[in-house]
Each structure stands twice: as C-alpha cells, then as structure tokens.
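All chains, full assembly: derive it from the sequences and hints.
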Amino acid sequence: METVEMNSVSLKRPHSEENVANADEIKRQKISEKSNTGNDSGQSVETVTEQPDKSLLEDTKNEIVVHEENEEQEDEELEDSDEDGDPESFADMMKHGLTESDVGITKFVSSHKGFSGILKERYSDFVVHEIGKDGRVSHLDDFSVPVDDEDPSEETFTVLSDEDKQRLEELQLLKNKETSVAIEVIEDTKEKRTVIHQAVKSLFPGLETKTEDRDGKKYIIAYHAAGKKALANPRKHSWPKSRGSYCHFILYKENKDTMDAINVLSKFLRVKPNIFSYMGTKDKRAITVQEIAVLRITAQRLAHLNKCLMNFKLGNFSYKNHPLKLGELQGNHFTVVLRNITGTDDQIEQAMHSLREIGFINYYGMQRFGTTAVPTYQIGRAILQNNWNEVMDLILKPRPGAEKGYLVKCREEWAKTKDPAAALKKLPVKRCVEGQLLRGLLKYGMKNIISAFGIIPRNNRLMYIHSYQSYVWNNMVSKRIEEYGLRAVPGDLTLKGATAVHIEEGDVDNYTIHDVVMPLPGFDVIYPKHKIGEAYKEMLVADDLDINNMRHKIRDYSLSGAYRKIIIRPQNVNWEVVAYDDPRIPLFTTDLDKLEGKPLPVLPTDGKFRALKMEFSLPPSTYATMAIREVLKMDTSIKNQTQLNTTWLR
1 METVEMNSVS LKRPHSEENV ANADEIKRQK ISEKSNTGND SGQSVETVTE QPDKSLLEDT
61 KNEIVVHEEN EEQEDEELED SDEDGDPESF ADMMKHGLTE SDVGITKFVS SHKGFSGILK
121 ERYSDFVVHE IGKDGRVSHL DDFSVPVDDE DPSEETFTVL SDEDKQRLEE LQLLKNKETS
181 VAIEVIEDTK EKRTVIHQAV KSLFPGLETK TEDRDGKKYI IAYHAAGKKA LANPRKHSWP
241 KSRGSYCHFI LYKENKDTMD AINVLSKFLR VKPNIFSYMG TKDKRAITVQ EIAVLRITAQ
301 RLAHLNKCLM NFKLGNFSYK NHPLKLGELQ GNHFTVVLRN ITGTDDQIEQ AMHSLREIGF
361 INYYGMQRFG TTAVPTYQIG RAILQNNWNE VMDLILKPRP GAEKGYLVKC REEWAKTKDP
421 AAALKKLPVK RCVEGQLLRG LLKYGMKNII SAFGIIPRNN RLMYIHSYQS YVWNNMVSKR
481 IEEYGLRAVP GDLTLKGATA VHIEEGDVDN YTIHDVVMPL PGFDVIYPKH KIGEAYKEML
541 VADDLDINNM RHKIRDYSLS GAYRKIIIRP QNVNWEVVAY DDPRIPLFTT DLDKLEGKPL
601 PVLPTDGKFR ALKMEFSLPP STYATMAIRE VLKMDTSIKN QTQLNTTWLR
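All letters in the sequence shown, in the order written, are residues 1 to 650 by UniProt numbering.
Hints may be right or wrong, so weigh each one.
As the list claims (entries may be wrong) - Ranges of calculated distance between the beta carbons of each label pair, as one might list FRET restraints:
(1) V145 to A421: 50 to 58 Å
(2) D346 to V541: 41 to 49 Å
(3) D346 to A542: 52 to 60 Å
(4) E187 to L442: 51 to 59 Å
(5) F268 to K113: 17 to 25 Å
(6) K529 to K113: 30 to 38 Å
(7) G405 to A498: 28 to 36 Å
(8) E357 to S101: 50 to 58 Å
(9) S144 to P604: 32 to 40 Å
To be verified - No more than 27 Å apart at the CA atoms, straight line, and that leaves these computed lysine-lysine pairs for BS3-like:
(10) K217 to K201
(11) K447 to K409
(12) K416 to K397
(13) K241 to K217
(14) K272 to K409
(15) K496 to K325
(16) K165 to K133
(17) K165 to K107
(18) K416 to K479
(19) K443 to K496
(20) K553 to K443
(21) K133 to K175
(22) K165 to K272
(23) K175 to K165
(24) K267 to K201
(25) K307 to K598
(26) K190 to K177
(27) K307 to K192
(28) K177 to K165
(29) K529 to K107
(30) K594 to K565
(31) K177 to K201
(32) K565 to K537
(33) K267 to K307
(34) K613 to K594
(35) K307 to K201
(36) K107 to K479
(37) K217 to K190
(38) K113 to K633
(39) K201 to K165
These are calculated hints, taken from the structure and not from any lab test. All C-beta atoms, glycine included, are put in the ideal place defined by N, C-alpha and C.
So, in structure tokens, the structure goes:
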C-alpha cells in the first residue's frame, strides 16, 4: 500500500534538527522522496491506513523486485546524493505541483473556523501503531527471545571473523568462481568445530559444511549444497518440526518505510526479501510499529540485529505456522502532534468534537496522485484509453518542477533523440519507472510499447489506473456533498453485506450519511440513481472512456470497481493541548522510550508555543492526512504547504 509521504505541513521554521545551512539540501531530498511516482502505490503512503479496498488489494506493494546487489548499492548512493541541485527555489520548483482542488478535494464537513499547525516538524511527531485482525494494537514491549533448546549458542554470532563472513557471503551469493571456502580451526576442539559448523549454516542459509584435515590442521569447508536455489529456499531440514515455520515479530522503525526496512533486514540476514510477509506498508517520515513474519529465521538471529541496526528495533517474538497476508489488518492507530498551532481553545474543541462525532470526507489523499507536473492519474487515464504513445510520453517527457538532476538529463535526451539507449545512459539509477520503461523499449522496440511497459512491476503499473479511479471518486464525492449535503437521499448507495443497493424513498429515514457509499468506476459496480450517477458518465465521456465498458483488452487493466464510504468517523479520538518552548523536545513517549525507561518530557505550563496532541484509529484504506485536513481546514498539498513555508521563512 502505500509509499510516498507528505513532509512537514504548514508554517515551518528551521531549527537544530534541520539547520538553515542544510535547508536547500534537505528540501531537495524531501522532494526527491516524493517525486518517485513508481514508488507511490497510493496506499501506505505516508498517512494511509494500509489495507486496500478489496478489489484494489494488488495496489499495495507486496511484490519485491530483487536486484543485483551492486546495482542496488549504486542506486542507493545516487539517490542519497545531492546531484545537480536546481538553482530555482524549492517553492518555485513546487509551483508546478498539484493542489487539492486539482484532484477533486474541495469540501469539508465541519463548520468550525480553520487554523494552522505544523504536521511532522519532527518525524517523531507522527506515530503509527498497526491494528491486527484480532483488533489488538501492535506495541513493542518485550525484547526477550523464546527459549528453544534447538537454538545455537551466542558464540555462533561471534566465532567467525569479518574476513570469513565476507568470503562466505560471496560464496553464498555466487559472486565469485570459488566452489568452497576453507576456515582454519585455530583452537581445535570438537566444541569449537561444532560452533563454526552452526555459525556457517545459521548465518548463511544454503551453505553446507564438512571438516577436513589439511597439512595436519583442521579446516571447516563451506560449500553450496543446492546451487542457486539454496538462497531463495532456506534449508528445510535444519528447522525443528515442533517449531512453527514462521517467526513473527514486532518491527519498530523510525524514519524508514517498510520496504526499505525489509531490504535492510534481508541484507543483514543474508536472505531474499521475499521470505518476509506483512499486513501493510507503513510511512517513512514517522515512527511506526507493525507485525512482520519471516520464514525459518530464528528469533535469536533476529534479536541479534538489535545490536547493529540503527532506527530499528525488533521484539515480541513468537513462532507460528502461517505467514501474514496483505490486508489482514483492521487499521492503524495514529498519535499525531501538530506544533505551533494558532487556533483558540474553542476552535480546537469544535474541530476535535466534529472529527469525533461527524468525521471527515474519505478522500484519497494527495499521496495517491504523485507530486510532479504529471499526475499519476493522467497516466492511468491514458492506459485505460489504450493510448500507449501517450503513456510513454507522459512517463518520459521533460516536466517542470523538482526532480533529480540525472532524471532531468534523461528526459531531455529522450525529448531530443527518442532513443531509449541514449536516454538510459543518462540515468544511473535503473530501478525507477523511467529506467524500467526505457529498458523495456530497448528490449521490445518502439512499436511494442505495451510489452515495454509490462517490464515495470505489476503493482506499479496498476497504481496508475487506481490513481485514475481515485481521481474520479474524489471529484464525484465533492459533487455529491455539494448537491445533497450531509444526509442520505433517495438514489444513494449503501452496502447490504458486500452488495450495494439503492436507498429508496420510503427507507431514506433509516439511513445516515455514514451509511452512504460511492463506487470507484468499474465493470462490476452500480451507480447512484440521482444526478451524481449521470455525473460519473459525463466525467468519463469527457475523458474519452465508456462507463459501461470498463473491461480492457489487457486483463490486468480491466477495472472491476469497488465501493467506498464517503464519510469516515475515526474511533478512539482523544486530544490535548500542551505548551512547549523547545521544538526539539518530544511531546510524548514512544514504545522504545518506555522500554528504555525514559521519563515523560517535562513541559512548561506557559510555553512560547502550543501543540495539539491527537490520537485516533482509522479503518483500512483511509488517509490520516484527510482527517488532519478536516481539523486544520488547510490544503495538505506539498505545493500549498511549500508556499506557506516560504512565506514564513521570509
């Protein structure tokens, strides 16, 4: 689901966490995180609750593309570098981005007067706890490891030298022509040899070991038992039958998205990322707590990572017989701090009471649509129109706004030559959508764009058409609320189980606005029987699409549609206004703070600034940014917030 995140919202003054000297670099980094539309699945975007609508389940990025490690490291270095900084100001670059009204987000349900506040001034101001399918909120509160006689000793993790580990890793990953690695047993005892055997087999899945005598010395010989398949399939015979095949654990992470976290864990464990499973992806610029399952990796091995990983903690280990599945979560619980708020106590009370009692419009958030001058929904529309030249052009053409320097050069080369090989040479980072499409064009030729586009991972391709569905839905919901307000009316749709039915005149008093759903366009949905039903048809006709024929000649791009509630009422809503002087001080304790025994922050009774601490739970496929938008009554787009930030900095 879900992985571009919105950075700081509203008026933002630089402080020690983001000092002024590095402001331009930080801003460019933030925008580069936003501009990779290939990573924006529209879910797990920064504040979305990660389970997709049923028919959109594939929207979430469960598919992990495994790359050659050298290429991956090179890409990461380039992505982290501040390449070719644009002399334009950040605000000037973002003036080409989207605003909420561009994607149909125009209405509010509350009557209070809006006020300003800073969202995510610090990533620790935004904390997400996953709510599992059993309704329990995930917390990291236990570092202990389940006792298991089958586990290797602690010495297993220290007996191999760094040089041995390097050689074994190269052997495991088939990086050289060596067929084995010999490790001399310095202090030869049976116990020492046993520990080395255990260390190699547990730390490097897929390798077998044997003992050999060479020139009067004992050596442990490591070798591949099952060729290239061994790395992808951890050794089954080494796992006790009495133990569940999956180790479940709580992952606490700071300022890193779920996919990045899993890639880091897989590198440290020397396994493929696809042996991990989870119920939803989580935001980057936040502290998040979620459950992860991994196939045949011991809790002991996982716990050992706590000694060497930054910004991660693993705990609450248990063994089970099943992995996790996308969409199994019930939602997420959010703890959010809005700093430097300007609202009066009365305004805040009105806003929060309205959020708790009425809720907010269940718009798809800005993260769903990308942040550059070419919104993702435009590409989705071209796919549905079967206009593949337009798809290619929208993805590759030059565009104004904030982008990495190498992407700008790649686009310029493409515009000048229409030569995929020449454009690809300008693009050192090959994992982005642009690089994948160019490789496809190089492989299949300019006359077979459909196959070239198919090289892009399926979830990324579907993200575009789901973005278009979301664009239509947002616009139609705004029209529905403008036309009929916050009450159920005849012709609206509601769900009876999983089936949508129309609300009839005689039954309308039995329903409220909280019962009303509206469809995402597709071949397997029905539409409202009032004016908005016609508005759907008119919008699709204007986009050269037929609402009665949403099947595509390529099955992947056929849209079945889905239903979505138009108003969401958060659960477990609580809030508090606190005063503070230092913007660097955290305003609440995290799970890790509690485990480490850190005391609650001491706050002044009459500080320079005021902050609104708010907590609420959201169901799957809803965006917390849209709940916060309803409280502040502010445009949450990066374009608008950047202009506000720039005004403040002057």
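Consistency of the hints with the structure:
At about 52 Å, the beta-carbon gap between V145 and A421 stays in the expected band of 50 to 58 Å. For the pair D346 and V541, the supplied restraint of 41 to 49 Å holds, since their beta-carbon distance comes to about 47 Å. Distance hint for D346 and A542: a CB-CB separation of about 44 Å, inconsistent with the stated range 52 to 60 Å. In this structure the supplied range 51 to 59 Å holds for E187 paired with L442, their Cβ-Cβ distance being about 56 Å.
Separated by about 51 Å at the C-beta atoms, F268 and K113 break the suggested range of 17 to 25 Å. Between K529 and K113 the CB atoms are about 36 Å apart, so this pair conforms to the stated range of 30 to 38 Å. For the hinted restraint 28 to 36 Å between G405 and A498, the CB-CB distance of approximately 49 Å leaves it violated. Restraint check, E357 to S101: a C-beta distance of roughly 27 Å breaks the suggested window 50 to 58 Å.
A hinted range of 32 to 40 Å holds for the C-beta pair S144 and P604, which are about 38 Å apart. The suggested pairing of K217 with K201 holds, with an alpha-carbon distance near 22 Å, which does not exceed 27 Å. Distance restraint check for K447 and K409: the Cα-Cα separation of roughly 24 Å lies within the 27 Å cut-off, and the hinted pair is therefore satisfied. Among the hinted pairs, K416 with K397 is consistent with the structure: their alpha-carbon atoms are about 10 Å apart, no more than 27 Å.
Pair hint K241 plus K217 does not hold up; C-alpha atoms about 36 Å apart against a cutoff of 27 Å. For the hint linking K272 to K409, the alpha-carbon distance of about 33 Å lies beyond 27 Å, and the restraint is violated. Distance restraint check for K496 and K325: the Cα-Cα separation of roughly 26 Å lies within the 27 Å cut-off, and the hinted pair is therefore satisfied. Taking the CA atoms of K165 and K133, the gap is near 40 Å; set against the 27 Å cutoff, the hint is violated.
A hinted pair counts as satisfied when its Cα atoms are at most 27 Å apart, and K165 with K107 does not qualify at roughly 58 Å. A threshold of 27 Å between alpha carbons decides the hint, and for K416 with K479 the separation of about 42 Å lies outside it, so the pair is violated. Proposed proximity of K443 and K496 is contradicted: the alpha carbons are some 49 Å apart, above 27 Å. Annotation: proposed proximity of K553 to K443 holds, straight-line Cα distance about 23 Å (limit 27 Å).
Taken as a hint, the K133 and K175 pair is broken in the structure, with Cα atoms around 42 Å apart against an allowance of 27 Å. With a CA separation close to 17 Å, the supplied pair K165 and K272 stays within the 27 Å bound. Among the hinted pairs, K175 with K165 is consistent with the structure: their alpha-carbon atoms are about 13 Å apart, no more than 27 Å. A C-alpha spacing of about 16 Å is found between K267 and K201, which places the hinted pair at or below 27 Å, so the restraint holds.
Taken as a hint, the K307 and K598 pair is honoured in the structure, with Cα atoms around 19 Å apart against an allowance of 27 Å. For a cut-off of 27 Å, the pair hint linking K190 to K177 is broken: about 30 Å separates their Cα positions. A C-alpha spacing of about 24 Å is found between K307 and K192, which places the hinted pair at or below 27 Å, so the restraint holds. Among the hinted pairs, K177 with K165 is consistent with the structure: their alpha-carbon atoms are about 17 Å apart, no more than 27 Å.
Note on K529 and K107: the hinted pairing holds, with a Cα-Cα distance of about 22 Å set against a maximum of 27 Å. Proximity of K594 to K565 is assessed by CA-CA distance (about 37 Å); at most 27 Å being required, the pair is judged violated. For the proposed pair K177 and K201, the alpha carbon gap of about 20 Å is at most 27 Å, so the pair holds. Restraint check for K565 and K537: the C-alpha separation of about 20 Å stays at or below 27 Å, so the hint holds.
The straight-line distance between the Cα atoms of K267 and K307 is roughly 15 Å, inside the 27 Å bound, and the hint therefore holds. Between K613 and K594 the CA atoms are separated by roughly 18 Å; this keeps the pair inside 27 Å, and the hint holds. Restraint check for K307 and K201: satisfied, since their Cα atoms lie roughly 21 Å apart, inside the 27 Å limit. For the given pair, K107 sits about 9 Å from K479 by alpha-carbon distance, which is consistent with the 27 Å threshold.
Note on K217 and K190: the hinted pairing holds, with a Cα-Cα distance of about 13 Å set against a maximum of 27 Å. For the given pair, K113 sits about 8 Å from K633 by alpha-carbon distance, which is consistent with the 27 Å threshold. The hinted pair formed by K201 and K165 meets the criterion: a straight-line CA distance of about 12 Å does not exceed 27 Å.
Hint compliance for this structure: hints 3, 5, 7, 8, 13, 14, 16, 17, 18, 19, 21, 26, 30 are not met, and every other hint is.
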